[in-house]
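Q: Turn these sequences into a full structure, and let the hints guide you.
Keeping their order, the protein sequence lines are chains V and F. Going letter by letter, the first sequence gives residues 96 to 302 in our numbering. Going letter by letter, the second sequence gives residues 96 to 302 in our numbering.
Keep in mind the hints are simulated off the structure, nothing from the lab. One or more of the hints may lead you astray.
One copy or two, it doesn't matter: identical chains are merged, so the pair holds either way.
[As the list claims (entries may be wrong)] With a straight-line cut-off of 16 Å between C-alpha atoms, the simulated EDC-like cross-links for lysine to aspartate or glutamate are:
#1 K240 / E223
#2 K287 / D210
#3 K255 / D291
#4 K118 / E270
#5 K247 / D291
#6 K247 / E292
#7 K98 / E183
#8 K163 / E184
#9 K247 / E223
#10 K181 / E125
#11 K98 / E190
#12 K117 / E266
#13 K163 / E153
#14 K226 / D263
#15 K117 / E141
Protein chains: 2
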Amino acid sequence: MSKGLLILISGASGTGKGTVCKKILADMPEIFYSISATTRQPRTGETDGVEYFFITHEEFKKWIAEDKFLEYAEVYGNFYGTPLNKIEERLNRGENVLLEIDTQGALNVMKKIPDGVYIFLLPPSLEELEKRIKIRGSESPESLKRRINSAKAEISLGRKYQYVVVNDSVENAVEKIKSIISAEICRVSRNKKILDELTGEDFLIEN
Amino acid sequence: MSKGLLILISGASGTGKGTVCKKILADMPEIFYSISATTRQPRTGETDGVEYFFITHEEFKKWIAEDKFLEYAEVYGNFYGTPLNKIEERLNRGENVLLEIDTQGALNVMKKIPDGVYIFLLPPSLEELEKRIKIRGSESPESLKRRINSAKAEISLGRKYQYVVVNDSVENAVEKIKSIISAEICRVSRNKKILDELTGEDFLIEN
Numbered sequence: 096m097s098k099g100l101l102i103l104i105s106g107a108s109g110t111g112k113g114t115v116c117k118k119i120l121a122d123m124p125e126i127f128y129s130i131s132a133t134t135r136q137p138r139t140g141e142t143d144g145v146e147y148f149f150i151t152h153e154e155f156k157k158w159i160a161e162d163k164f165l166e167y168a169e170v171y172g173n174f175y176g177t178p179l180n181k182i183e184e185r186l187n188r189g190e191n192v193l194l195e196i197d198t199q200g201a202l203n204v205m206k207k208i209p210d211g212v213y214i215f216l217l218p219p220s221l222e223e224l225e226k227r228i229k230i231r232g233s234e235s236p237e238s239l240k241r242r243i244n245s246a247k248a249e250i251s252l253g254r255k256y257q258y259v260v261v262n263d264s265v266e267n268a269v270e271k272i273k274s275i276i277s278a279e280i281c282r283v284s285r286n287k288k289i290l291d292e293l294t295g296e297d298f299l300i301e302n
Numbered sequence: 096m097s098k099g100l101l102i103l104i105s106g107a108s109g110t111g112k113g114t115v116c117k118k119i120l121a122d123m124p125e126i127f128y129s130i131s132a133t134t135r136q137p138r139t140g141e142t143d144g145v146e147y148f149f150i151t152h153e154e155f156k157k158w159i160a161e162d163k164f165l166e167y168a169e170v171y172g173n174f175y176g177t178p179l180n181k182i183e184e185r186l187n188r189g190e191n192v193l194l195e196i197d198t199q200g201a202l203n204v205m206k207k208i209p210d211g212v213y214i215f216l217l218p219p220s221l222e223e224l225e226k227r228i229k230i231r232g233s234e235s236p237e238s239l240k241r242r243i244n245s246a247k248a249e250i251s252l253g254r255k256y257q258y259v260v261v262n263d264s265v266e267n268a269v270e271k272i273k274s275i276i277s278a279e280i281c282r283v284s285r286n287k288k289i290l291d292e293l294t295g296e297d298f299l300i301e302n
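A: This is the structure:
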């Protein structure tokens with residue numbers, strides 16, 4: 096059996112990562128979603144163990160010390176981390192694993208798992224992103240400006256990914272991500288076994 | 096506007112390249128299909144200018160001399176070539192171009208157009224391929240054996256492609272190829288302009 100895909104979705108704050116991931120999981124329940132841990136407060140409607148494991152700073156530090164994270168990062172004073180347990184196990188069983196990680200954390204995962212599928216969500220425009228950030232929190236003009244600049248810096252990191260998907264509508268973005276998953280399953284590097292079976296293992300004609 | 100995709104579909108003889116390409120073009124009429132030229136005789140139902148340009152050996156040699164081919168190759172005593180005209184023009188206009196090329200010719204195109212999308216069709220099994228080769232022509236046992244061995248050699252070239260797609264049914268294969276096309280459109284290397292527009296051209300933070 097071939098290994099599962101590690102699919103990582105990232106993007107600047109306010110790009111709609113969470114909503115997109117929720118829809119992918121609703122459409123493709125066979126994908127294992129790795130829930131992140133965070134020290135930030137739950138937003139209205141968020142439940143511990145669903146969107147995140149909400150843990151204290153002390154617990155977070157303990158998990159770091161115990162090497163329980165694939166990656167972790169501090170974003171706006173809060174810690175976010177991806178618990179390692181289960182991810183490798185699921186991938187080895189041939190299951191696909193979905194991660195939603197901030198732009199800082201994602202770069203660390205790329206280094207550790209180079210054969211993952213790295214997808215970067217983009218806002219349709221900077222104006223749209225500004226609107227979404229405004230809706231999310233009651234920001235002061237200074238804080239808003241800082242967030243927009245920080246979003247631009249984050250978006251520039253998109254160049255380090257394999258794919259970019261414009262989140263103009265959740266449906267469009269999810270369709271594109273599903274295509275990326277199907278395509279990645281067809282990558283020749285993930286299908287060596289089939290080729291070996293059809294031709295014999297070391298059968299390679301040079302041209 | 097970004098450049099169109101060059102999508103090349105290849106695979107061993109008898110893998111069903113022609114049928115798959117026909118269905119893709121029926122489903123996606125916006126794709127430009129580059130018709131190959133060949134010196135082989137038309138099969139029943141084939142029309143000049145539709146499946147192929149059927150030309151004589153003399154004409155073929157003239158086209159070679161006039162540098163009119165992106166690639167050409169001899170397969171079982173017949174010549175097959177991809178006329179260059181229109182391909183670059185269409186790509187530059189942002190149109191996607193589909194090529195169906197034998198395994199030899201495809202390797203030549205890879206060298207000339209490294210940013211193309213290279214898809215290799217696989218038979219579901221060697222038994223199935225044997226069946227299809229038998230149906231196609233009235234083969235002697237020796238000729239059949241030679242073709243099977245040659246098909247194995249061709250299949251081993253699949254390792255040089257980006258994607259492999261098992262042609263277990265035309266519908267499945269076409270769905271996968273459509274996903275590959277959608278995914279390739281999202282490749283970060285094809286979306287530098289969008290990233291530049293969102294962040295300013297040389298905005299790249301190193302991490």
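Q: Next, verify each hint and record whether it holds.
A: So, going through the hints one by one against the coordinates:
no.: 1; hint: K240 / E223; in the structure: within (14 Å within a copy, 62 Å between copies)
no.: 2; hint: K287 / D210; in the structure: within (14 Å within a copy, 22 Å between copies)
no.: 3; hint: K255 / D291; in the structure: between (32 Å within a copy, 13 Å between copies)
no.: 4; hint: K118 / E270; in the structure: within (10 Å within a copy, 21 Å between copies)
no.: 5; hint: K247 / D291; in the structure: between (46 Å within a copy, 10 Å between copies)
no.: 6; hint: K247 / E292; in the structure: between (48 Å within a copy, 10 Å between copies)
no.: 7; hint: K98 / E183; in the structure: within (10 Å within a copy, 38 Å between copies)
no.: 8; hint: K163 / E184; in the structure: within (14 Å within a copy, 54 Å between copies)
no.: 9; hint: K247 / E223; in the structure: within (13 Å within a copy, 53 Å between copies)
no.: 10; hint: K181 / E125; in the structure: within (15 Å within a copy, 44 Å between copies)
no.: 11; hint: K98 / E190; in the structure: within (7 Å within a copy, 35 Å between copies)
no.: 12; hint: K117 / E266; in the structure: within (11 Å within a copy, 29 Å between copies)
no.: 13; hint: K163 / E153; in the structure: within (14 Å within a copy, 70 Å between copies)
no.: 14; hint: K226 / D263; in the structure: within (13 Å within a copy, 47 Å between copies)
no.: 15; hint: K117 / E141; in the structure: within (12 Å within a copy, 49 Å between copies)
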